[in-house]
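Participant: Each chain, written out:
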Amino acid sequence: MIESLSLHKPHIEHWLVLSAILFAIGLYGLLSRRNAIGILMSIELMLNSAVLNLAAFNRFVAPASVDGQIMALFVIAVAAAEAVVAMAIFVAIFRYRRIVDVNRMDLMKD
Amino acid sequence: MGLVSWLIAIPFLTAMIILAVPARNWRMIRWVAVIGCGAHLLLTAVVTYLYWHASAGDAIGAQTLLLTKLYLVEKVPWFKSLGIQYFVGIDGISLAMVILTSIVIFAGVLASWYVNIRTKEFFVLLLTLVTGVFGVFVSFDLFLFLMFYELAVLPMYLLIGVWGTGPKEYSAMKLTLMLLIGSAFVLVGFLALYHASGMHTFDLQQLAQAHFSSDFQKWVFPMIFIGFGVIGALYPLHTWSPDGHSSAPTAVSMLHAGVLMKLGGYGALRIAVYLLPEGAIAWGLFFMVLATINIIYGAFVAVMQKDLKYFTAYSSVSHCGFVLFGVAALNMMGLKGAVIQMFSHGIMTALFFALIGMVYSRTHTRMLDQMGGLAKKMPWLAAAFYIAGLASLGLPGLSGFVAETHVFLGGFFGNIWASSGVMKALAIIATMSIVVTAVYVLRGLARVFYGPITNHDFEKITDATLPERISTGLLVAVLFAVGLAPFLFVNMIESSLLPILNRLHQTGAAAFAH
Amino acid sequence: MEQFSFVFRNAWLIPAIPLVSFAVLGLFVSPISKRLAGVIGTVAIFISAAFAFLLAWNYFLSPAGKEHTALIAWTCEWLRYQTGLTVNIGVLVDPISVLLMSVVTTVSALVHLYSIGYMHGDEGYGRFFGYLNLFTFSMLGLVVAPNIIQMYICWELVGVSSFLLIGLYYQKPAAVAASNKAFIVTRFADLGFLIGIIILGYYGYHFFGEFAPAVASTAVKNGVTNLQPFDFLYLTNSAVLAKLASINLHFFDISLLTASMVLVFMGAAGKSAMFPLHIWLPDAMEGPTPVSALIHAATMVVAGVYLVARLFPAFAASGTALLLVAYVGAFTSIFAAIIGITQDDIKRVLAFSTLSQLGYMMLALGVATMAHPLGYSASMFHLFTHAFFKALLFLAAGAVIHAVNTNNIWEMGGLAKKLPVTHATFLVATLAISGIWPFAGFFSKDEILASALSGGHYVVFAIALTVAGITALYMFRIYFVTFWGKSRGDAAGHAHEAPAVMLLPLVMLAILSATVGFVNFSDYVSIGEPIEHHGINSKIAVSATAAALTGVFLAIFFYTGQTDRAAMMSRLLGRIYTLVKQKFYIDEFYIFVTHQILFRFISRPAAWFDRHIVDGGVNLSAWITRTTGGKLRYLQTGQVQVYSLWFVGGMLFLLLILWAGAR
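Residue numbers (the working numbering), protein chains in the order written: chain P, 499 to 608; chain H, 513 to 1026; chain R, 1203 to 1865.
Bound-form chain P, shown alone (with noise of 0.2 Å):
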């Protein structure tokens, strides 16, 4: 079975249906997640989808160029800085109000 797998080279429908599936994941994370962690990694997930089909998309449309694969290195660079920032908010929400809650964090509400 293994062999027939490896014989059989994914197609680039596999790739979007893959990533369509990381992508609902992530959105599902988004949406009920309320740890704030959570919900970083999830748009991370959804980030990472996007990267698959761009470097899909790449490979099986237009493998002469390189486009797509410098887009998926600008989005994970791009993930990367967002994630630091925002996991520096969270740790310094975290050390004020000791809550990691996203609908506790109401400050500016009212």
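None of these hints come from the bench; they were simulated from the model. Quick caveat: nothing in here was measured; it's all calculated off a predicted structure. Be aware that a few hints might be false.
What the hints assert, rightly or not - Estimated spans, in silico, between C-beta atoms of each pair:
1. R:1850 x P:565: 26 to 32 Å
2. H:565 x R:1814: 51 to 57 Å
3. H:562 x R:1285: 22 to 28 Å
4. H:579 x R:1255: 57 to 63 Å
5. R:1233 x H:534: 37 to 43 Å
What the hints assert, rightly or not - Derived pair list, reagent style DSSO-like, types lysine-lysine, alpha-carbon separation capped at 27 Å:
6. H:888 x R:1236
7. R:1783 x R:1374
8. R:1374 x H:972
9. R:1236 x H:972
10. H:680 x H:818
11. R:1688 x R:1619
12. R:1236 x H:889
13. H:818 x R:1374
14. R:1374 x H:889
15. R:1783 x R:1688
16. R:1236 x R:1374
17. H:888 x R:1374
18. R:1445 x H:936
Unchecked claim - Anything over 12 Å on all C-beta distances counts as not near chain R; from chain P, calculated:
19. 514
20. 519
21. 553
Cβ coordinates follow ideal geometry from the N, Cα and C atoms, glycine included.
Here the structure of chain P is known, so what remains is to put chains H and R in place on it, guided by the hints.
Facilitator: For chains H and R alone, coordinates are given in the frame of chain P:
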């Protein structure tokens, strides 16, 4: 940079210089402000002379003119893609308003001589506001016009909110919101003009040559007129005025009632009637009725007021009714009366508010029934107050008479489009206000200044100081100048009104033809 | 015109000198030296008076004066309302303007002189002379007005100077109330005047093209080069008037001319204090006495009469308006005379007497016509004589008040010996106003009675004759009570004569009051057809003298004896006496109308409406915005996850639409 641009630039530069002065030198700040405004007054005199010289033979040439003849024009493309220009210049009407503003701000700065709370910010905002006002009066590009208009309205919020008295936050908010709603109407109207003309320009002179369909004019005209009517205290959109004026600090009341309310009449005349003559013909009588209500209703309400500022504010509502009445009469005397009334009321009401501020700073009350016998202690202020009061009741020899008789005659003479019987009746009703005005002015002033001194605290109060005397003396002198020698002033306006009337008659005749 | 060229060309100086003097006093002199203010003000008026006499002398003796030609001495454009509607201020020289100029400057000069003594040491001294000069200027400007707008302008200015002078003692509440009342009541009347002017201006302008050429041909002869619709010359032209009279308003079937003339008469009635607009004049006595003499007796109050005279052809063309003038005048004269009998304040009696005499002048105008214009001359004659003897009465009363410090006649008494000059001059004036030969009043009253009788107005004649009797009664009443008998107050006992500077004007006015009746007046001042009647009609002279003597004897009977017959009489009359004494409760009626009706039922509801309905509407819209915002903000939870959910939901919804659209 031409002279007209300097008219706008001087207050702005003065504000910038004040920004550079350290806030603790508040005495120096007011000197900078007064020198800046004095320089502006001189420049205005120069511009007036140049206009005078250049427009000498205009009245004859303008008999058939359809476009306002402008002087000292400066035209620079600004946003070419949108057809927006920096287009400034003057004609008789805008010059009259510039002279008014220049005098009022000079007097206003002197009347604010003793503001010592955040002096720097106060004068910066005041001068920014005035920059906007001058900009409005000299702009002949609708976009530029609106930009300056907003610049004139917005500092008002802070000026009232910070330096005001009484329920100042409420008044500031109410005033700003109502005026912004008015300017929203105006903006929509301007955009409609821009699109309907199909000329891709905001240039007033070019738009004047565009053809706007009859139906279009009939819905855009009331929109722009009402938009300007809000700031011109058109009934029933006038209620920001009593609250706003009573909460505002002295100089702001002076500028607001004296000059900003005139933006309404000016815009209605310069833009609504000028660009949309057919709309004006269709709606003239309607707005005349509203203006008549303004005049009579404002006067009757003023009779009942107990607070000097409310009293003057309602008197302003009544007097601004004359402006709108004159504009809506759509004939030479009406339009001219409207412009003279704008000028006259501007000076007169600035004087009123300056004096109220000065009296208040001495008595610490503005309630009529808490005052009495003040003429004994402050003869200068009492005399100036009475002169302002007599001007407001239309005493010949002071400017109010010239303006009011123009407006009454204008209303009575009527025009060929509206029912002459109704217009005559409205003119007679409006004329009745001279009695009611006499009643409230004399009763109110007698309560404040005449009779025995009622309050022992008033025994030690003093008369006007030198800056206050210069400020009020200047305004009084202008009231007399226009009242005694109206020919100096009135004929200057006439040649600039002729194109507006010619347009009315041209389109009016065409509308009658089919 | 050559023979009086200098004074004629410089006739504008007559009003200009007081104006310059006013400006100089107000701006420079008054703050420095009050004493100097009085001198400068007085000298200015005397110069002006000299000019006026010179002008009168030259005018009446010139051919133009003999033919009563109206000439424009000086004119300039003042205000252009629109093309073809210009106001040219100027100086009109015609019989009545020259007459009034002389009267105004004479009385004003004498009153100025008197005031130097009367106002001595008063704190309002400087202001007083400034205002008095302002008044003199305004009155002269009114008199010389060649057009109705200048008339109105100066009309308002005399009103405001009267206001300022009545309120000179502004710390006295009664004076303040009186000054406001005077201004507001006359303003109300002026409303009618202004509307009348607007109507005349409108129709005058309308028909200007039709009639101007005809009028202009005569106008050029009078020195008018630029005829305007507001000019009296145009407005009194018979063709124009006929046109205006032919327009029917379909409102009680009155013509346009009648309507506008009635409105103009409203202004005249206000200024001349005709019933029912008379209420301000008695209160105006709160002002200093010289002011009452000059403004509220001799000059300003006759402005209404002057206006009717000025527009006389227009009034005459509208018979209805003229009839109204006659009857309002007649009613006022008897109404005020009756009230005059009951008043105790010497100045108030004189004020009611002024009302009555003004009514006399009005009724004289009212009974005249263009074809039979005796009343016109008679009215002007009475205006002329009345100015002197009434000014004299006030000034003499002022001297009395100056001596005894009270206005109440019952606190005076026995002053004849203590104030001999004042007494003598007061007696001359009393005889003059009562119409006793040979004093001035006799001649002018005689002409008025003759004009009423010969015009066929028998009711008016009867009223006028009755009034002549009542006038003698109330005038001799105050004369006897003030000067005869024993002194009834402390101050009256220690009274002493006024200084010479006050007595000199009294004597001069007394001489004038005694002599001016002999002027052959209708030779100089007349209108329309030549006057047929001349000299004294013996029947009228006898009946008028009989009426006056009856009044005098009644006064002797009631007010000179030991027993108080007057008090008995008033008890006998009971309620009627109270009614008259309270001036028929007209003031109370006005207070009721203004306070209870105008203020309470218009102003107060309007003020309430504005704060609660109009402003309430604004606040309501603000409230709606806030409340809606308050509800809607619950959608904004601040939780990104909720927003994302909305976002995802919205996206799915859009996809659904796209999908549905694609199918």
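Participant: Is the Cβ of residue 519 of chain P farther than 12 Å from every Cβ of chain R?
Facilitator: Nearest chain R Cβ is 16 Å from residue 519 of chain P, so the label holds.
Participant: Is it true that the CA of residue 888 of chain H sits at most 27 Å from the CA of residue 1374 of chain R?
Facilitator: Holds, at about 12 Å.
Participant: Please test the hint of 57 to 63 Å on the beta carbon pair from residue 579 of chain H and residue 1255 of chain R.
Facilitator: The hint (57 to 63 Å, Cβ to Cβ) holds, given that residue 579 of chain H and residue 1255 of chain R are roughly 59 Å apart.
Participant: For residue 1236 of chain R and residue 1374 of chain R, compute the direct alpha-carbon distance and say whether it is at most 27 Å.
Facilitator: Holds, at about 22 Å.
Participant: Does the structure keep residue 1688 of chain R and residue 1619 of chain R at a Cα separation of 27 Å or less?
Facilitator: 11 Å, holds
Participant: Lying within 26 to 32 Å: is that true of the beta-carbon distance residue 1850 of chain R to residue 565 of chain P?
Facilitator: Because 29 Å falls inside the window, the suggested range holds.
Participant: So is residue 553 of chain P really clear of chain R, every C-beta pair being over 12 Å apart?
Facilitator: Per Cβ check, residue 553 of chain P is outside 12 Å of chain R; nearest 24 Å; holds.
Participant: Quickly compare the C-alpha distance for residue 1445 of chain R and residue 936 of chain H to 27 Å and report which way the hint goes.
Facilitator: 20 Å, holds
Participant: Holds or violated: residue 818 of chain H and residue 1374 of chain R, Cα atoms, limit 27 Å.
Facilitator: 22 Å, holds
Participant: For the pair supplied as a hint, residue 1236 of chain R and residue 972 of chain H, is the alpha-carbon distance within the 27 Å limit?
Facilitator: 25 Å, holds
Participant: Hint check: residue 1783 of chain R vs residue 1688 of chain R, CA-CA at most 27 Å. Holds or violated?
Facilitator: 25 Å, holds
Participant: Tell me if the straight-line CA distance from residue 680 of chain H to residue 818 of chain H falls inside 27 Å.
Facilitator: Given that 27 Å is the threshold and the Cα spacing comes to 19 Å, the pair holds.
Hint check: no violations occur; every hint is consistent with the structure.
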